[in-house]
Structure formats: structure tokens, C-alpha cells
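**Student:** Given next are the chains, with one letter for each unit.
2 protein chains.
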Amino acid sequence: MGRLVDQYGAQQAVRVIRARALPPEFTAREAEQERPPDLAARLNTWYARLAASNPAADVEAGKRSAARLIIPGDSEWPTQLDQLGAGRPLALWAHGTADLRFSCLKSVAVVGARAATSYGSHVAAEFGVGLSESGWTVVSGGAFGVDGAAHKGALAAGAPTVVVLACGVDICYPSSHEALFAAVGQQGVLISECPPGVHPTRARFLIRNRLIAALSRGTVVVEAALRSGALNTASHALTLTRHLGAVPGPITSSMSAGCHRLLRERKAVCVTSPEDMIELVGVLGDDLTPQVRAPAVPRDRLNESTKRVLDAVPTRGGAGPASIAVAAGVGLDTALSALGGLAAAGYVERSTKGWRLRKQQTAYRKALDSATLEPPLAPEPDPAEVPPFPEDFL
Amino acid sequence: MGRLVDQYGAQQAVRVIRARALPPEFTAREAEQERPPDLAARLNTWYARLAASNPAADVEAGKRSAARLIIPGDSEWPTQLDQLGAGRPLALWAHGTADLRFSCLKSVAVVGARAATSYGSHVAAEFGVGLSESGWTVVSGGAFGVDGAAHKGALAAGAPTVVVLACGVDICYPSSHEALFAAVGQQGVLISECPPGVHPTRARFLIRNRLIAALSRGTVVVEAALRSGALNTASHALTLTRHLGAVPGPITSSMSAGCHRLLRERKAVCVTSPEDMIELVGVLGDDLTPQVRAPAVPRDRLNESTKRVLDAVPTRGGAGPASIAVAAGVGLDTALSALGGLAAAGYVERSTKGWRLRKQQTAYRKALDSATLEPPLAPEPDPAEVPPFPEDFL
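Sequence order for the protein chains is A and B. Each residue of the first sequence is one higher than the one before, starting from 1 at the first, in full-length UniProt numbering. Each residue of the second sequence is one higher than the one before, starting from 1 at the first, in full-length UniProt numbering.
Calculated directly from the structure, the hints in this document are not laboratory data. Some hints here could point you the wrong way.
To be verified - Short derived list, chain B residues pointing at chain A, Cβ under 7 Å:
(1) A40
(2) T45
(3) A52
(4) G158
(5) P248
(6) G249
(7) C270
Ideal Cβ placement from N, Cα and C applies to all residues, glycine included.
Only chain A is shown next, with the shape it has when bound in the complex (with noise of 0.2 Å):
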């Protein structure tokens, strides 16, 4: 029906189908198709369905619902889905404020399983609040769980979000989110497919999560269980080259099941956060992510030797420069010095038996090592006096 429609407009496809003649050209180019369709049997289907449908009614009712129909070509049509081929949908009927091509320019997809656990509702949250804060806009099924979970949070945000319908724009599916779809259209906008007064069936998700995929630069799946719609639209951005990014979870959750399977095949990226997403869909340089550091400790501004001096100083007792040197693997002049430094810098002090480390660096050290650690050698040796070597030894 895409290739009938591009080469002939969807006004001479209507005449063909009406007419149960397909022009013979079309039919001889469809032949050559790798996998060729039935085409006696899909003008049959066509002809039905344009028989049982009603456009006058259709249009009527879009009106009554303030719903308006774009098709290619509208300066509101998001030029993106031109990249689905023959795939590309006929007209989307839209109801909200929000222009959809403009909302989309910038734009990611959340999604998820219906059944999210309380983690996966949250991320979604934190996603549609984030992503939204940075000029981004959440595009979504309007589902149970993750899907309005990102809503939300995007609304939470005061941005424009997109809700891709498998039904009628009129139709509230699921009804408890009647809310939800009234605020998005006050902010945002739904779309569809579909006329207004059509009902959402299984095949109708499948075939809606194509768009999802193809309005964004990238999908990020939140939660999804090994069979999850939400894998479906992973695999129609793979598809689309579209960038792909998946949150981990516990493995013990069947819920992100779905999610480190698209991680361990390397089809996803390890998405932690709203900043990983937008790096990933971002302009090269321009949107990427701060490298998530570890916190500075004091530590990190001693140099090589002194920080092996520091960690060969004993924590109780003390140890004498000569030993603290040997137990660092450094020399006595060295070991002389950074002593003196780490004493100046309060991080280890002279005791009657030595140099040990003073009270809160010891806490500080067992902070990063969970445990004290004993000094390293007693008794302290000079290398000065070095003892006779044992001369059984070789």
C-alpha cells in the first residue's frame, strides 16, 4: 500500500482499489519484490476495508474532537518518518497545542513495560524530568508504567511531550489515564494512526511502535521484560539506525531481563542517566555528558612516592624512616622527605617509636580500605649497618 501510494498519490490508489484494477506496471515491479505479495488477495483486503470505511465520517469526527489530520508535505509533518519507506504512515491525526514536527526535532524516546516495577516508574520519571530540563523532548506510547511515568515527568518539567496512540486520538487507552492525555494535550500532543473512534488492538501496538522509533533520534527501553512491546520499538531503531540505549537493572528483576539482553548482544548502550541519553542522541561535542568522577580525596594530590610512603607509615607503634623507606620500595632520601611533607600536611606524626599516621588519617585510611592495616615491618633495619648476609643462602 506504501509503494502504491508513492508512485501513484493516495487519490489514484483509492480510484485503483475502488476499481479492483491495479495499474499492470505496478503489478509487474511488485513481482520483482524478493518476498512478492499477494496482490489478488491484498486488493481483496483493500477493497474491504475501504468499503467499510467512511472518511466523510472520519474527518466529522475529527473535528468534533478537535483533532487535526497532517500528511506529508504540512509544514507540521516530522520529515524524519520519511525514513520508514514504503512504511511511512498515510497522514497522523494530532490533537494538543504543541507542534509535533518542532517538538520532535529534538527528541528521544522512553519507553518500557506496562508492568514496571517501582524502580523502572521511577527512572522513567527521572528520565522525562531530565531529558525535558535539557531541551529534549519525551515521545512515548502513553502506556501504563514506564510510558506515563516519562509522560509525567516531562509534564512535571513543563515541556511539550509526544504520545503516539494506537487508537483514535478521541479514545482514552488506558481510560485511567484520561488525566494524563488531557494534560498532554494541554502541553503536548497525541497522535495516531488511526481515525478518531478506532480501538487499539495488538496489531495496532505493534505497528504504532514503528513511529515512536522513527519521531526520535534515539530510544532508551527503561524496563522490559524478554517479551516486551518495548523491544519491539529497540528493534525498529536498530532498524533505523536510530541510536539505542538501555537501562540496567538487578538481575534479579525479570523486568530488566529485557534490557541486559539488548546489553550483553551490545545492540544498547548502558544508558544510567538522562545525561548518558543525551550524549549518545547529542551532537558530537556539543552534548556530551560530564565524565562521571569518582570523589577527590586528599590522597589524589600526594605524588607516586609519597602516597607509597604515606601507606607503608604504620597506624599504631611507629617505624623508623629506614624501615618506612624499604616497606615503600623507595630511598631513605625520599622516604626522609615526603615524611617530612606528609608531617607538615598533618597526614602522619613522630612518636616515641616512630613515624606513624596521625588519628583522622588513620580513620580516613580505613575508610577507603574498610580495615586498619598493620604496620608493615618491625623491626626497623638501617641501611647503614646492614647485617651480615646469611651465606647459606646461595
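Based on the hints, put chain B in the right spot on chain A.
**Tutor:** Relative to chain A, chain B alone:
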């Protein structure tokens, strides 16, 4: 030091250090290194360390603590350590009943945070059990948290496990792991580069990590903060071109942030089960993990057009075959034949208003789509009695 021993043997290396005179040709070759070491300073350090050492006392202490010394060439020497090149340990002290080389032939390093969450400890123990039950030895560092849980899992599965210590094998660090280390001594083996009596230092932990990575065919990081010793082990595994896996966790947990960074940078493979890890390190084709599949539901056994017909059958009321055919996008013949088969299989039934889903099938469809689906089309047209097309439409 590694290159000195490699080229001249351990005994000659001791002699030249004691004489404080390196062979001139060695000095010349070292000067050609990319980053030539300060050999004079090194020699002084080695001299001081040699002076502070007491090999005879070490051997005696080893005997007292039932530790054996293993050197390259011994039958128990794990030859995979040769890949460390000049960083290969000069010798290993071992305590325990298990043969080190044999235990490590098929081994996996399970590493992670000391401050593991209960999730991390649970996963580590599961991996310890699962890997052991499949004949893979668990190698780890004997630390609090992930390491300890992995060792305990292996012991619970009745398998040997290898603890690589950063202190002498007679030192119990952390001290609360006394019972664990005693059990490993009975069933596995504790090893260390350090002679008996040596206490751990930060540097020794870092140096120890290369042994954990080098002994194993692969390393899996269970939990790791952004600043974690486990990431050091992971980087050794990559340097040695061993396999690296990372277990995902909630993005809200800082203890999984290190794992997620490894995944995001595609340094590690996403690992969600011991089987995943075995597939990674195992022999191609021999150790493949069974593909994780979603549970099969009866619908999967239907062919494509029958599925579409089933999805087009309404939940309530009823619909005639023609409207079902239109909604499903199939021909009337196909719909009629599919409806017959679906009725025989108990999926659909005929009511006074036409075909509808049987009650239990409704429940099943609800479970998958989280909501009931409305009848897709009503009223029902018949292709045989097509109404005239609205002429103003074209």
C-alpha cells in the same frame, strides 16, 4: 627486577644486588626501555630490601604455618602467570589442600566491592555456587563483601576455591574471615606473593590484583563503586586480554556505578548469571549458555494470519467473519478457516451477536496487554454488499 631475574636467574640476581653492581649489558638494555628506570635508585632500594629480608626465617615460618613455596617450573606452578611477562611473580606461597595449577585450569575471578550491598553479596554467592557446580573454580581476594560471598558460595557447592592474599598466607586479613580461610585451607588453597608474617598495604592489594586476573580465564565484576579496587583487577584482565564481565545493578546504586561504566565503555560484557559468564570464558560451542527464552504461550503456536484473526475477535458482544477479516487485514476465506480452527482449539466461540473470545482467552489476552481490548469494528459490513462510495470523497 622481573627482567633481571628473567635474564640472570634468581641466584645471580641476589648476588649482583648484594654486590651493588648490575651487569653492564643489563644496564645498557634497560637504558633502551621506552621509560628507562633510574637503575641506581632501584639498586639502592633492592639492596636495602635484601638487607632487611631473612629468607631462612621465611622458610622456617612457612614450615610452621604449613605453607609451601611454589616457583616457576614446579608442577603446581600455574603457567598462565607467564603472560605477566616481567611482572610474573618470582614465587608464590600456598597454604591448603588443593593443587593451585589444577584448580586454576578452569577458573573465573569473581571480584567486587568490600562495601557490597545485600544485592551484591547475594549475586556473588549465587555466582560462587553456580560457577562451582559447573566445574569452574572461583578465584578472588578473600576480602569483605563480594570476594567473601563468592568464596563462601564455592565452598557451599563443595568445590575448591582460590584466595589470593595481599599478605602472608599465615595472616588472617580481614581477621573476621578466620573461619572462611580455615575452610578454604581444607577445601581449596590460599596463595600469596608475600612471605609468611607480612601484613597487607595498599600497594600490595594493587599488586595482588594482577594475580587474580592472570590466574583466571576471565573476571566478572559483581559490584564496584567508581573508585574500587575491583576496577583495577578488571583493567588487569583487559591488559592480559582475558574476558571481562560486569553484573548490572540498579542505576540508583553507587555500588553498581563502576560496573555500568565498564558496560557503557564496552570494556565488559553484560553478565546476568553464572551461565552467561561460562559462555564468555568457555570453549566455543562447548560452554554455550542456553538462549534465555520468554515463556511460550499457546498463541505462539498459531500461524501469522490466525494470530491476526484472533486479535481481531472482540472480547465482548460479537463480530461477524467479514468485519473480523477487515479488522485483521486478511481475506474472508482465511478468516473463516482461522475462526473454525480457533473455535476448535477453544480460543473463540460463537454468540448470538457473532464471534467473540472465550472467557479464559480474554483473561489471557488481558495478562499480556495489561488491559482488555475493545471490539475493533462495528457494525459489520459485508464485502458482497459494498455500500456505494461517497462520491464527494474523490
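**Student:** Take the hints in turn and mark each one as holding or not.
**Tutor:** Hints, verified against the model:
no., hint, verdict
1, A40, "9 Å, violated"
2, T45, "6 Å, holds"
3, A52, "5 Å, holds"
4, G158, "24 Å, violated"
5, P248, "3 Å, holds"
6, G249, "6 Å, holds"
7, C270, "4 Å, holds"
In terms of the numbered hints stated before, the structure departs from hints 1, 4, listed from lowest to highest.
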